[in-house]
Structure formats: structure tokens, C-alpha cells
Amino acid sequence: MIDWVVFAVAAVATLSGALGVVLSTHPVHAALMLVLTLFSVAVLFVAQQAHFLAAVQVIVYAGAIVVLFLFVIMLLGVDKSEDLAAEPIKGQRPVAIVAGLCVLSAVLLLARSDWVSGARSTAGTLGDGHDNVALLARSLFTRYLLAFEVTSVLLVIAVVGAVVLVRRSGTMPDALGEMEP
Amino acid sequence: MVPGAWYLALAAALFCIGAVGLLVRRNVLVMFMCVELMLNAVNLTFVTFARMLDDIGGQSAVFFVLVVAAAEVVVGLGIIVSIFRRRAGATADDISLLKG
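Taken in sequence, the protein lines are chains A and B. For the first sequence, the working numbering gives the first residue as 1, with consecutive numbering after it. For the second sequence, the working numbering gives the first residue as 1, with consecutive numbering after it.
Bound conformation, chain A alone (with noise of 0.2 angstroms):
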């Protein structure tokens, strides 16, 4: 019963949190409200015995994407309303919202045989759900140690890849000279 009330809750949090993100004109608000789907995604995910993975939602994401996200908007200035009626392209939206609502419908549609096929536990049990983080470590450690060790590398060149584009011309040639109208 719990898990139904608790499911429930954070299924009607997580769409509104992300119909506001669609709809909301101010990119604040639209910021905030990611929060909240965040923070519901993250309690889904207890619900589900994932509780390194909650923990990591909600320090990486709401912890630390939302904060960038809005210290974007604030250094930017660009924290005004936005005229949502104006449609730029005649006709995107309708085709938009329909293509969507195709999409999901394909979804549904196809759920009603069978979710759920193939081979189980491949990559070892989940557990009784109290060793959840050792679980995940020794699948991370030893199963996908080299995925885990080129993610480094990733970051790395993510890190280097921002320097490179937002610092200042300064000795050497800027990254994005040539957009110079």
C-alpha cells in the first residue's frame, strides 16, 4: 500500500516538474522545476533499491548540474520572461506535440505484451537491497573497470574542452574565432 501512496506522489511530482520545465517562460522557474523532477526520480529510485544511485541524483544533479545551469542564467543576464505564444516556425508545435504523443503511444502500445525479456542476472544479483553501494562497487571494479577508468579520461577532456572554449583570446587563437560576424 505505502510503496503504491509513495510511487504515486513521485510520479505526479516528476511530470509536473517536467511539464513545468516545458511550459514555464522564465528560465529560473524552468530551473527549479527540474529540481523537483530530480529530486522525484531520486526517490523512485529508493523505491527501487537504488540508493547509491538516489544519492548520486541527487548530489551530481541536483547538487551540482541545477547550480551550473543557474549560475549560467545569472552570469548571463539572460533571466527574462520569454514570450512563449510567438512560434517562430508556423506549425512546429502541433507537429511537435503530435509526434510525441505518437512516440509515447508507440511505447505503451508495445508494453502490452511484455516488458521484460532476456537473459537475468548477467551481470550479477542485486541482492536483498542492504548491500546495494559493495554491489555496485564490485560490479564497477571489476566487470566495467575499464569503462569506469576511460570515464576519467572523459572528464578530463570535458574539463579541458570548457577552459578551451569560454576563456578569453588571449595569447593563442580562439577556439570560436572564425563565428566572429
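Just so you know, the hints here were simulated from the structure itself, not pulled from any lab data. Where hints are given, some of them may not hold.
Cross-link-like lysine-lysine pairs, in silico, DSSO-like; alpha carbons within 30 angstroms at most [to be verified]: (1) A:80 - A:90; (2) A:80 - B:99; (3) B:99 - A:90.
Add chain B to chain A, keeping to what the hints say.
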């Protein structure tokens, strides 16, 4: 426990809201947030499949998606900052330099 199908349907709805938002909105920052919504829908799907198949691999995949999302946000916001520095108030429609 709530059956996994409910979680998967919720994730599908979340993904579609994100996709429609990406197509509809013209503000680059809001479009970027919609990408995050879609990534979260996929993460929810991974965790649900991990539970339904009793497989830790799904949760490992979510871990990697989180790392990639963090890298993507850093680079994407860097690009947005350097675009905004050149032209104030750019929407996605104003950035059409490569248009033929």
C-alpha cells in the same frame, strides 16, 4: 512493490515530455534542461530493468550515464557561454550561421 511496468510507463511519459520540450522551446538553456529530462527518463528505465531482471548491470549503466551527463553539461554550457558572449539574447533560431 509497484510493478515495473508502471515505472516504465512513467519513464516513457517523462521522455516524451522532454522530447517535445526540446522541439518546442527556443531558449537554448531550456532546451538543454529538456535533454536532462530525457536522460533522467532513461536512467529511470535502466534502474527499473535492473530491478525486474535482478541485474546490477543496469545500475552500473546509470552510473556511466551520470558521468556522461555531467561532462555533456560542462561542455554544452561552455558553448552556450561563448555564444552568448558574442551575441546577446541568442535563441536557437538566431544561431543559423551554418544554414545553407
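Structure-based check of each hint:
Using a Cα cut-off of 30 angstroms, the hinted pair residue 80 (chain A) and residue 90 (chain A) holds, with the two alpha carbons roughly 24 angstroms apart. Straight-line distance between C-alpha atoms of residue 80 (chain A) and residue 99 (chain B) comes to about 27 angstroms, which keeps the hinted pair within the 30 angstroms bound. Pair hint residue 99 (chain B) plus residue 90 (chain A) holds up; C-alpha atoms about 18 angstroms apart against a cutoff of 30 angstroms.
The structure meets every hint from the earlier list without exception.
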